[in-house]
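Peer 1: The primary structure of each chain is shown beneath.
Protein chains: 4
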Amino acid sequence: MIEGKDTGSAGRKLRFGMVGGGPGAFIGDVHRKAAMLDGKAELVAGVFSRKHENTIATGKSLGLDESRLYRDFEEMARQEAAREDGIDFVSIVTPNYAHYAVAKGFLENGIHVVCDKPFTFKVEEAEELARMAREKGLLIAVTYTYTGYPMVKHAREMIRRGDIGEIRVISAEYLQGWLATPLEATGQKQASWRTDPTQSGVSNCVGDIGSHIENLVSYVTGLKIKSLCANLDIFGENRTLDDNAEILVRYEGGATGVYHCSQVAIGHDNDLRVRIFGTKGSIEWAQESPNYLKVAYLGQPVQVLSRGEGYLYPQAARLSRIPSGHPEGYYEAFANIYSTFASALLKIKAGETPAAEDLDFPSAEAGVAGVRFINKCVESSKKGSVWVEVA
Amino acid sequence: MIEGKDTGSAGRKLRFGMVGGGPGAFIGDVHRKAAMLDGKAELVAGVFSRKHENTIATGKSLGLDESRLYRDFEEMARQEAAREDGIDFVSIVTPNYAHYAVAKGFLENGIHVVCDKPFTFKVEEAEELARMAREKGLLIAVTYTYTGYPMVKHAREMIRRGDIGEIRVISAEYLQGWLATPLEATGQKQASWRTDPTQSGVSNCVGDIGSHIENLVSYVTGLKIKSLCANLDIFGENRTLDDNAEILVRYEGGATGVYHCSQVAIGHDNDLRVRIFGTKGSIEWAQESPNYLKVAYLGQPVQVLSRGEGYLYPQAARLSRIPSGHPEGYYEAFANIYSTFASALLKIKAGETPAAEDLDFPSAEAGVAGVRFINKCVESSKKGSVWVEVA
Amino acid sequence: MIEGKDTGSAGRKLRFGMVGGGPGAFIGDVHRKAAMLDGKAELVAGVFSRKHENTIATGKSLGLDESRLYRDFEEMARQEAAREDGIDFVSIVTPNYAHYAVAKGFLENGIHVVCDKPFTFKVEEAEELARMAREKGLLIAVTYTYTGYPMVKHAREMIRRGDIGEIRVISAEYLQGWLATPLEATGQKQASWRTDPTQSGVSNCVGDIGSHIENLVSYVTGLKIKSLCANLDIFGENRTLDDNAEILVRYEGGATGVYHCSQVAIGHDNDLRVRIFGTKGSIEWAQESPNYLKVAYLGQPVQVLSRGEGYLYPQAARLSRIPSGHPEGYYEAFANIYSTFASALLKIKAGETPAAEDLDFPSAEAGVAGVRFINKCVESSKKGSVWVEVA
Amino acid sequence: MIEGKDTGSAGRKLRFGMVGGGPGAFIGDVHRKAAMLDGKAELVAGVFSRKHENTIATGKSLGLDESRLYRDFEEMARQEAAREDGIDFVSIVTPNYAHYAVAKGFLENGIHVVCDKPFTFKVEEAEELARMAREKGLLIAVTYTYTGYPMVKHAREMIRRGDIGEIRVISAEYLQGWLATPLEATGQKQASWRTDPTQSGVSNCVGDIGSHIENLVSYVTGLKIKSLCANLDIFGENRTLDDNAEILVRYEGGATGVYHCSQVAIGHDNDLRVRIFGTKGSIEWAQESPNYLKVAYLGQPVQVLSRGEGYLYPQAARLSRIPSGHPEGYYEAFANIYSTFASALLKIKAGETPAAEDLDFPSAEAGVAGVRFINKCVESSKKGSVWVEVA
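Just so you know, the protein sequences line up as chains C, U, F and E, in that order.
Every letter in the first sequence is one number past the one before it in the numbering used here, and letter 363, counting from 1, is 363.
Every letter in the second sequence is one number past the one before it in the numbering used here, and letter 210, counting from 1, is 210.
Every letter in the third sequence is one number past the one before it in the numbering used here, and letter 279, counting from 1, is 279.
Every letter in the fourth sequence is one number past the one before it in the numbering used here, and letter 240, counting from 1, is 240.
Just chain C, with the same shape it has in the complex:
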């Protein structure tokens, strides 16, 4: 066992509230644990459900004061903004359709925002939120979880330093099998809202998981998509939104790529994988073994880098809590986003300027790009899978 480190934060904890995340939710509890893992933030308020009795029940089980369990987000935004000890930020973990209105409501009340992805339904909405935040000096984080993994940070830094040369080709996929059957017909909550256009938007599969590919590739490589050609499929019975998509991509500068996301890929759980091929080497990262990174340099054996080892770049090392070989997982990646966001916010609250590394979380701009990507994929596919300009 090598030297560990104490990741507890000094000074005061941030206070936060939550919209969404009631009974049957998956991601709400993840946000709560992630936000609090490093001791930098404390949940104090919430609207966990459209039904107030559910909010009360969830809130009590979480030990919250009943006076801060609100009927709707507008009430919460107003009242929290008015309190001396009001929340520093809100976490928005509702189905997609509500993101825009809720985020806007809190920004208008001067409250910083953490919002699940995809950011909004429409590009204009996302851009409006980004603009509001800039104008009001507020932070927005869009929780693209996977950029929080230390080995993803290492991959990014390798590319930034030119370790694998100029990027030529990207192959990325996100495969799940849980919607291979029409699970939504059973009333399963996660399946139901994701396959419902009124809650999920114009896309299910690209919106839910394809957007993670887009964000992860963009984050790691810095490449901008110039145009794309997408084929969206609907395989599930009685479904109206896509559950599989294959996408060709052209980036600015000449690299090309191929993305595949699927929810009908039986045998795959949450298989996000990205491979990046440069002129001098290549990188592969897979979400289900997130503590490792495969790297190959021209003419040399493939290497397997392990989180926690001394040879990692500081960008990865500083977000690693325990020694190599002790697996960190999904919560810890998620917590890295919250922890980074909290570092920035604590500095802002203290009147300091956040360092670049404090701002290394997925921004409103990343959220905008994600919404644009989803909409462009749908547009391409609807037109017969033709090439559409993105940038």
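Rather than coming from a laboratory, the hints here were simulated on the basis of the structure.
Identical chains blur together in the list; that is why a pair holds if it fits in one copy or across any two.
Taking lysine to any residue pairs in the SDA-like style, the calculated list, with each CA pair at most 20 Å apart, reads:
{"#": "1", "residue 1": "Lys13", "residue 2": "Thr353"}
{"#": "2", "residue 1": "Lys280", "residue 2": "Glu157"}
{"#": "3", "residue 1": "Lys224", "residue 2": "Glu124"}
{"#": "4", "residue 1": "Lys104", "residue 2": "Glu135"}
{"#": "5", "residue 1": "Lys280", "residue 2": "Asn238"}
{"#": "6", "residue 1": "Lys349", "residue 2": "Ser61"}
{"#": "7", "residue 1": "Lys347", "residue 2": "Ser61"}
{"#": "8", "residue 1": "Lys347", "residue 2": "Gly63"}
{"#": "9", "residue 1": "Lys280", "residue 2": "Gly310"}
Chains U, F and E: place on chain C using the hints.
Peer 2: What follows is chains U, F and E alone, placed relative to chain C:
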């Protein structure tokens, strides 16, 4: 994404204190995060270091009230026992040498105990603590982390149900490479205390990691070791304690086994792996891919089971927080031990009787067996690697 | 070690000749070893090089009679056809450009043909050869090696029996890194002819390896490509043919697919991998671990099937020579094509009708489909990566 | 595809005969294919079975001249020795019990010997054969297959050059599951003779597969076993020989090791795996992925070396026939032993002195060490698994 679940606990949080876990510690911070992950317990008191100023610094960084940052564990035990809102349990995360005295001090004051492993230096000490706890109706958990992984629970239940028949052979290993060089000579804290007999006891490698093999195998299979034959090596320069050990094992009932633990196995980080061969099938689990379990039945293809899937036994399912393919890691395993311990303790505090599943954490008796194993390995090796009776 | 089997053939050996495969060749020696591995055929004649002295040298090193080392293929075809003990078939292992003329020459002389892939430059040429063979009652095998692996046979049979239901999505790739640099500039023979349009045809990467994807998917699934949309890249300096291609595919019946082939994928050697997702299950096979097949059924653990085990279908079992766990590789797969071809030919020579299983080798029709695929990919890419009709 | 090479040999082929390898045999056909793969040898004579009609049948199916299908090995040895065109060497592929007598018979007649392992029943017999060969200037190869894999050669050369420093610890295992049930009771031929002491000798599991561990470790590391402590188990119903063994090993010079061989390890096919830990690095090789070698150096990422790549040492490179990523398997490893043996023998026949690399096949001395290892394991276990001196 499949249906998640809210693992927040209802009702009041347990209060706990900590002994050990100051600056430079690795496992203290793990205990803190693990104990609090599911919202069932809150850290309120501590002696984090032998130097009081360090305790003050760590305690403040954790937001503790200075009045509950004590000079030594005796003071803490007495004063916390006397408080109305005193701690419900203590977490002991010091180097091994202090476990016995500290645990005894808290038990004497009627305070439940969570103690890191190995439990004590001597078998008699461990037995005494176990007896004290029984007599006083207090709980002891010894934090053998790896039994907290859901797939380990599944393996155990498979064997209990006879899925792989009668056990014949066990092959288990725990390989690390971090002590391949004399790291302790650099002053590295983790290496220094582990290789120091006054802090670590009669064994470094068997005590630190070999004991995890013993516990894991015992937990999963229920087999008792009848006799063993151990070879302990010292490879590191100027070292006085073992850094590698190979052990042959005979279990009651006729099964045999082979264990290998090493801290000089370059290329391995924290590679605990156990394989169990029965008359009808086999099981393999590896700590570095903890969300999977390899299972083979006679004449059938090897299967790879994945945490979070619907086919798992309830014992595994109930300790899994997020859907399959979203990696849970070391913290979550650790948290499962705390969470289970907390469930039992909350029921006791509420005057209820804990269910069997609430008591499914490593007990004082497991701690006793662990100390006996370490001592027997050392005895065997010293006598020329002869067979010694264990049970 | 389980019961093995003697794969030596009874009766007379077939005699064969070879065109191509001189000094510096890779695939020629593979064909020779593969053709002879099971003792069904013997090399007796050849034109190994355009330079007769090279043919003489290679022929002598192989122990051939000098009278059967010819100056050109026309001479060889004529003279062998005229001999009492003339060759039963010819193996054509030249660079692509010569396949058509050589195959035609031997067919015209009534000699059966084994030809490396891709079959010809043009679809019309391939169709002409297929027609000639049909009309003359001659066999043609096009050596798409990978269909020779037993686990590929098993996958095919699984799909034929409906084990994984109706196919929805196919994801296949063939990644190599050996042309990441302009290796042809060094004079390396394999790189030189493949990147030279006069020897290789309209495509390098799709022709050399993309065509294996097409054939493998077609063989395993039986699906016909309806249309495709291909992006071909040229990354290597001073190269005129593609070295990377991403291809979207629509099959008759509604399935969709995505193919990626690359020769600039540093870190990959010969990484052909195909995944097939059906309504009831999925299959994955990777050429670099050819003795295994990953299979997943809805709601069940992933399975890893192993060549040589008793649970395999007869189509796989009969082409497996040694027990499970004893790796069979590239030569053995190649030999399976020759062995099957030889079985058919031996029956024909004996006046018998080959059984269906004797004809389970890649046919002239497969060769035609392959040439069409290559040409359609090039056409699509040239037109701006638009969709083109294939079937 | 990188530059291949023609491995056909120049000049005359060696002639060889075979004893054993009739109907139902596994290893006989392997020897035949392996011996002939590289075109250096040709089978011309044999006694394939104790029943002459079986020998006739097998011989005919192999196209042999009936005059060279003998009634027993004595007849074959005498007559072949007397022929002008007699065999250059004999391959002995009978069950173990016959190795000694048959080898002796051919050596006495001046015929070189390739013999399957284990070499003989008794150490004295093995030593006698080794001595005879030395005195008569004859070659003996004992076909420990696994030393023929190129990556094993690379591992050996790495250690010879000191790449991983001084060896400290070795962990090796050979796991199979095919005897988990009493397969011999069904009459299965491979199981029957291996579990029969009159045919197999004092040990089944250690003799059949444990001996491969001993040879592989010895070959790769050059270490000599000083003493060992073995536990041999019999799990199969009505079995009289071991089917599982765990062995502790001490080498001359201070390294220690642990070996585990099993035939009751359900889920494992032919899982031979060796890991070697030195002061500067470690090496891992697994027979079921024989084209790869895992290497780790102190403080660096784990590397995966691939057969066929340019960075391999000449000792590995020269026995690799096809480019990286094109799997070579069991036959090719076996063929490397024959090919090397044939190179040496061809030089001897030509009056030349074989080079060191021509003699890099498992020798009679390796055969002696193997027999000693088996007998020492049995002796240790019988005495209660005590330590016994070996060297």
